[in-house]
Amino acid sequence: MTAVATEEIPLVDLKAQYATIRDEVRAAIDDVLESMQLTIGPNVKAFDHEFASYIGTKHSIGVGSGTDALQLAIRACGVSSGDEVITVSHTFFATVEAILYANARPILVEVDERTMNMDAAAVAAAITPRTKAIIPVHLYGRTVDLKPLRQIAQDRNIMIIEDAAQAHGALLDDGKKAGSGGRVNCFSFYCSKNLGAYGEAGSITTNDDRLAEELRALREHGQSTRYYHPVVGYNARLDEIQAAILRIKLRRLPEWNKRRREVARAYDKLLEDSGVIRPEIPSGERHVFYVYCIRVPGGRRDDLRKYLGERGIGTQIHYPVPIHLQQSAEFLGYRKGDLPVTERLATEVLSLPMYPELTDEQIDRVTTSIREFMKGN
Amino acid sequence: MTAVATQEIPLVDLKAQYATIRDEVRAAIDDVLESMQLTIGPNVKAFDHECRSG
Chain A
1303 MTAVATEEIP
1313 LVDLKAQYAT
1323 IRDEVRAAID
1333 DVLESMQLTI
1343 GPNVKAFDHE
1353 FASYIGTKHS
1363 IGVGSGTDAL
1373 QLAIRACGVS
1383 SGDEVITVSH
1393 TFFATVEAIL
1403 YANARPILVE
1413 VDERTMNMDA
1423 AAVAAAITPR
1433 TKAIIPVHLY
1443 GRTVDLKPLR
1453 QIAQDRNIMI
1463 IEDAAQAHGA
1473 LLDDGKKAGS
1483 GGRVNCFSFY
1493 CSKNLGAYGE
1503 AGSITTNDDR
1513 LAEELRALRE
1523 HGQSTRYYHP
1533 VVGYNARLDE
1543 IQAAILRIKL
1553 RRLPEWNKRR
1563 REVARAYDKL
1573 LEDSGVIRPE
1583 IPSGERHVFY
1593 VYCIRVPGGR
1603 RDDLRKYLGE
1613 RGIGTQIHYP
1623 VPIHLQQSAE
1633 FLGYRKGDLP
1643 VTERLATEVL
1653 SLPMYPELTD
1663 EQIDRVTTSI
1673 REFMKGN
Chain B
245 MTAVATQEIP
255 LVDLKAQYAT
265 IRDEVRAAID
275 DVLESMQLTI
285 GPNVKAFDHE
295 CRSG
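As they're listed, the protein sequences go chains A and B.
The first sequence begins at 1303 in the working numbering and counts up by one.
The second sequence begins at 245 in the working numbering and counts up by one.
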């Protein structure tokens, strides 16, 4: 059989989504430009309110990026030099960067093979008197169980900071939304995210009034009022144009997440017995499939990726090098073999095209190509 | 002398400037949105180059 690839299927198709909201977005950008209120104006205030209400927290503090969110959250929690912060090695680099910005020591722990998320037993084993915070990362859009982490953290004065950068709208084990369960919680609205700006943006959510006030000051150079700086802060403002765009997209997020789950279920059905390991689909809305990540055993991942690429199908590896083996993390003293599950996942994971506008025909083409490859060769 | 202030003179008037470049700005934003190349794409590269060349 000859594959006649007439149309590319990208990993993420932002154009397809933009086509569905173009008029609204253009009008909103025009409004901001006519007003020339460009920083922390009516749209940022309204988005902060609307996003907090969606997540179910008292506060949302819009910031310039997901990395800003992590950096400010860690700082506001009082993490500093000599403290240890536990997170996973199987994640995007920003989580660990933010810990290092605070001069704290990242303690990188193993993930559970089934969920590809933080292993609570590994967290328990990593606790020391210096442990200040635990950062569970809801990787790919699947939420980490917070209950066992809360049991570990309680009575030890250890804070939980959710990294919900990939999990907008996903539910936690208590049925509430990701981003409502930690002392402070972090979101990224990078353009490819389930809720993505057209550029960079992020948010910190919290129920703590005092921390919220501190975070609002920190995002604007530590200002209490203009040009009065009781603390040294950051230039980490969310801008009005991005906030206006996010407000439009937030209204569609539930419907987009629903379609992502449908796409995941279709992949799951069509890839049954294909030889690849499919991601578990938890019941309810625990997973919002920012990424649909399969595992390809037997050292065939890179060949499959090439095969799909030749047929116009975009894929990605999230992530090829675990944090503990990154060159910039050498000084932490980890070695190859320290986190065997994490290291094996890095050689097996492959993310397939995933976006709400993906059609059933496209899903069929992706899964048919995967089956062809796994059967042959 | 009585000052009859009929019109505000702001410290900075971004609207006055925007009025002179509105059409160009809107068209440029439209182009970026249609391309959906949102970070470190052709405009960042071109702007970096134009700054360097003075």
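Treat each hint with caution, since some may be false.
Derived lysine to any residue pairs resembling SDA-like cross-links, with alpha carbons at most 25 Å apart [stated by the list, open to error]:
no.	chain 1	residue 1	chain 2	residue 2
1	A	K1449	A	N1459
2	A	K1347	B	K259
3	A	K1317	B	D257
4	A	K1317	B	M280
5	A	K1317	B	V269
6	A	K1317	B	A249
7	B	K259	A	K1317
8	A	K1347	B	D257
Please keep in mind that the hints were generated in silico from the structure rather than gathered at the bench.
Here's how the hints hold up against the structure:
{"no.": "1", "hint": "A:K1449 / A:N1459", "result": "holds (16 Å)"}
{"no.": "2", "hint": "A:K1347 / B:K259", "result": "holds (21 Å)"}
{"no.": "3", "hint": "A:K1317 / B:D257", "result": "violated (35 Å)"}
{"no.": "4", "hint": "A:K1317 / B:M280", "result": "holds (6 Å)"}
{"no.": "5", "hint": "A:K1317 / B:V269", "result": "holds (20 Å)"}
{"no.": "6", "hint": "A:K1317 / B:A249", "result": "violated (49 Å)"}
{"no.": "7", "hint": "B:K259 / A:K1317", "result": "violated (30 Å)"}
{"no.": "8", "hint": "A:K1347 / B:D257", "result": "holds (23 Å)"}
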